[in-house]
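K.L.:
Based on these hints, arrange chain B on the given structure of chain A.
Top line first, the protein sequences correspond to chains A and B. Residue numbering for the first sequence is 1 to 431, as defined by my numbering. Residue numbering for the second sequence is 1 to 437, as defined by my numbering.
Check the hints yourself; a few may be wrong.
Simulated pairs of lysine-lysine, DSSO-like, Cα-Cα distance not exceeding 27 angstroms [unchecked claim]:
| no. | chain 1 | residue 1 | chain 2 | residue 2 |
| --- | --- | --- | --- | --- |
| 1 | A | K424 | B | K22 |
| 2 | A | K39 | A | K193 |
| 3 | A | K133 | A | K39 |
| 4 | A | K424 | B | K174 |
| 5 | A | K185 | A | K143 |
| 6 | A | K294 | A | K77 |
| 7 | A | K390 | A | K411 |
| 8 | B | K71 | A | K390 |
| 9 | A | K20 | A | K77 |
| 10 | B | K346 | B | K137 |
| 11 | A | K424 | B | K404 |
| 12 | B | K22 | B | K71 |
Just so you know, the hints here were simulated from the structure itself, not pulled from any lab data. In this text the structure is predicted, and so the values were computed from the model without any measurement.
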Amino acid sequence: MANPTERTTVQKDTSQLRQKKMLAEHFTRLAQAPATGEKSVYTFVPGNMTELLLAFDVLPVLPEINALQSGMRGKSKDYIAVAEKLGHSEDVCTYVKSDIGMMKSGNIGPTGERLPEPDLLLLSYTGCFTFMKWFELLREEYKCPVVMVHVPYQGEGRITESMRQYVVDQIRQKLIPALEKITGKSYDEDRLKECLARSAQAEDDLVWVLQSAKNKPSPIDAYFGGVYYIGPIFSSFRGTEDAVEYYKALRAETEESIRLGKGPVTPDGELTEERYRIVVEGPPNWTSFREFWKMFADEGAVVVASTYTKVGGVYDFGFRHDPSRPLETLAEYCMGCYTNLNLPSRVEMLASYVRDYQADGFLINSVKSCNSFSAGQLHILREVENRVGKPGGFIESDLVDPRYFSAANIKNRLESYFQMIEQKRFGEGAA
Amino acid sequence: MNYHVGIDLGSTTTKAVILGEKGTILGRGITNSRSNYDVACQIVLSEALINTRFSLVASELDRAGVTEARKAQLLGELERRFHMQQYLGQLRVLEEDLTELLQKINPSGGFLPSVQRILGTMHDEAEKLFAEGASRKSDFFRDLAGSRYLKLAEAESIENKEVRFDYLVGLFDKAILEVENSRAAAGNFETLAAAALAQMSETDERLQGAVERVIDIELDQVGSVGTGYGRQRLPFPEGQIRSEILCHGLGAHALFSTTRTVLDIGGQDTKAIQVDDQGIVTSFQMNDRCAAGCGRYLGYIADEMNLGLHELGPLARDSTRPVRINSTCTVFAGAELRERLSLGEKREDILAGLHRAIILRAMSLLARSGGVKNEFTFTGGVAKNPAAVDALKTLISENYGDIKINISPDSIYTGALGAALFALRDSRRADQAAAAN
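Looking at chain A on its own, in the form it has when it is part of the complex:
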């Protein structure tokens, strides 16, 4: 077995390099915003209304993405320490603390350039209560306006006409006027429609890529690799020509992998033997992301579907942004994000993933400080087990606090879990 501390050069897909370039350009534009006069809006991934922001030529900033980037770059530990020093409790969502710490440490973004101060804070997903408190803190800091679009929970497992109208009214009556005010521009619905059309195009290709994991072997890892695939569409690029091009290229790259019968590319090289097909629920750990992925890859475990890659939109169940109903489609998008679904819907989604992707089992990575995900996860585990008859596994870690990633413990549980699948597969019980 390879030495776990041994570091080799990280292997990357061409699409990944392309994404890196897109991000670099975006952050440079953000860094230059104070000089160019471009306006910026801070907002969250679930329920983000990037197309509407683009229609106003506003630059989006996504604090969660910055926090996870800080985690991956080994900065979050210090940022969290700064936030705790300011009085934030140990149990608060670590994205919040990392973001607050980053802000207090000069607001230097993932590419090393300073982020502009927000002209507006846009909260367009209220399923996470912490988001509200987070922006309350940012409002104190930046003294800027806030727009809160209240997004009803899908408690009954569906979106009703009155729910849709309720969100559309808020967009029309609160959000659009606020954007008009900070930009001095009028709302241009035709521009919004153009953006939405591009979104739908990129979404088609993204879904195609995610569903390519139904192949055996799967050409992609839909969790560890998946977080890169959702990068552009979940963040600042949905509705742009860049995103359309990115997903077209990603799809071509995936088609080529299928043609060659290749497995996913992990940071340590191509995964050549697919031994376990796993469905994963819950966000990944970012501070030990590579080590975490390696624990799967070393065992030949490929994630064929994940719910985390649906936090910014559940596209694989049919939703597409629809340019013919611009505000309605944005409202539906906000209400359709994964964590806004009720438990039965989540159970059904996981069960269908296990069946449709012919998975050997499903695994929950539970994050204590993220209640949007973790509340009800053990119930989900039992329900899905009962429905699909495949073994469920449970591990615990954190988003960006490295203190909560116990490598030995997680590795132990993962190995036990994979061996359990193996044992069941061969009926390796008592003689």
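P.N.:
Using the frame of chain A, we list chain B on its own:
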């Protein structure tokens, strides 16, 4: 004679189980885990092989028509004398190491006479320590020799003001590591059995014959599987390493075939495991990042109270009014204990509360793993603690009703047994594959 071995490298102890070709348990061994895992594995294997030879001697006596009572008498004495010889051998190595150490760090030889006096007394006391009916608090040389050495060192330092107690303790701490890591100190069956035979209170030719025949048996390892927390560092190839979850599940199934739920409380983790009717694990939960409420917690409590680990349970059982304790944080265990003592609570009442708290934590894991189903098997070092068992029985009954609870006297070997069964199975599968070709 071919055998399969399973080794469970735990955070506190390392266990081995030897299986014969038909799957019968031939021998068991246990040693304390040390920083050198390879040595721990070697020592535990040699202990288990010695134990195997004793069980082979028993079979030989059966074959020779020796009655059960007589066999028990003969084997009992032989084992006692054997272990005394082993102890004396280890004492000799300890003395050599101490002498060598003193020559290195204190060439003027100021402490040597004291050390020699202590070890001389320990040598003389060995007969009494291994006398018939004598109780020994531990089977580990470190514990047996350590407790006597400390008492004698204390007396020595009182008598001779120039000999500092802490210095003598420091010497022992250094030298004992050498003894534990020395395979020679553990001895071999042939020499020790011969010495033991020579000391038997009466000569029995059938026993002598049996021992001689067993000495001649070659024991060949044909399969091995390792498990436990240190399993990545076990001296086995990767394919021969299994998760301790699977091993505990299968081991518990082998001990009690209708087991459906297994709870294992070890030194640093607690595992709640559900198994099917074949011993295949269907679901499991483990404690997460924190080892609160595991065996090590009891270890700290014992240290704080200046008691042996095995004394905690019986003391807790004397409680009449258990204290309610919620926190099982290992790090805060000492503070919690002192706080309660300062409030005037009785030691036994505090201990009863602590045991209940540990089991409450285990109950939460059991619930998360899918609950407790009939039959339920409790394994691991903590299953030897009567107060923990009492608390578990009460809580299982309160929460799950009438459930049969199994605890094997050999529960500490459950993981190693499961590992050995996997080794046996792997060999059979390989044989079948070879036959098919």
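K.L.:
Look at each hint and say if it fits the structure.
P.N.:
Here is what the structure says about each hint:
Note on K424 (chain A) and K22 (chain B): the hinted pairing holds, with a Cα-Cα distance of about 24 angstroms set against a maximum of 27 angstroms. Using a Cα cut-off of 27 angstroms, the hinted pair K39 (chain A) and K193 (chain A) holds, with the two alpha carbons roughly 21 angstroms apart. For the hint pairing K133 (chain A) with K39 (chain A), the CA-to-CA distance comes to about 23 angstroms; that is within 27 angstroms, so the pair holds. Of the supplied pair hints, the one linking K424 (chain A) and K174 (chain B) is violated, its CA atoms being roughly 47 angstroms apart against a limit of 27 angstroms.
Of the pairs offered as hints, the one joining K185 (chain A) and K143 (chain A) holds, with about 22 angstroms between alpha carbons and a cut-off of 27 angstroms not exceeded. Pair hint K294 (chain A) plus K77 (chain A) holds up; C-alpha atoms about 22 angstroms apart against a cutoff of 27 angstroms. At most 27 angstroms may separate the alpha-carbon atoms for a hinted pair to count; K390 (chain A) and K411 (chain A) meet this at roughly 21 angstroms. For the suggested pair K71 (chain B) and K390 (chain A), the alpha carbons sit about 51 angstroms apart, so the restraint of at most 27 angstroms is broken.
A distance of roughly 23 angstroms separates the Cα atoms of K20 (chain A) and K77 (chain A); the hinted pair therefore holds under the 27 angstroms criterion. Proximity of K346 (chain B) to K137 (chain B) is assessed by CA-CA distance (about 25 angstroms); at most 27 angstroms being required, the pair is judged to hold. Our distance criterion of 27 angstroms between C-alpha atoms is met by K424 (chain A) and K404 (chain B), whose separation comes to about 26 angstroms. Simply put, K22 (chain B) and K71 (chain B) have alpha-carbon atoms about 24 angstroms apart, close enough for the 27 angstroms limit, and the pair holds.
The structure shown violates the earlier hints numbered 4, 8.
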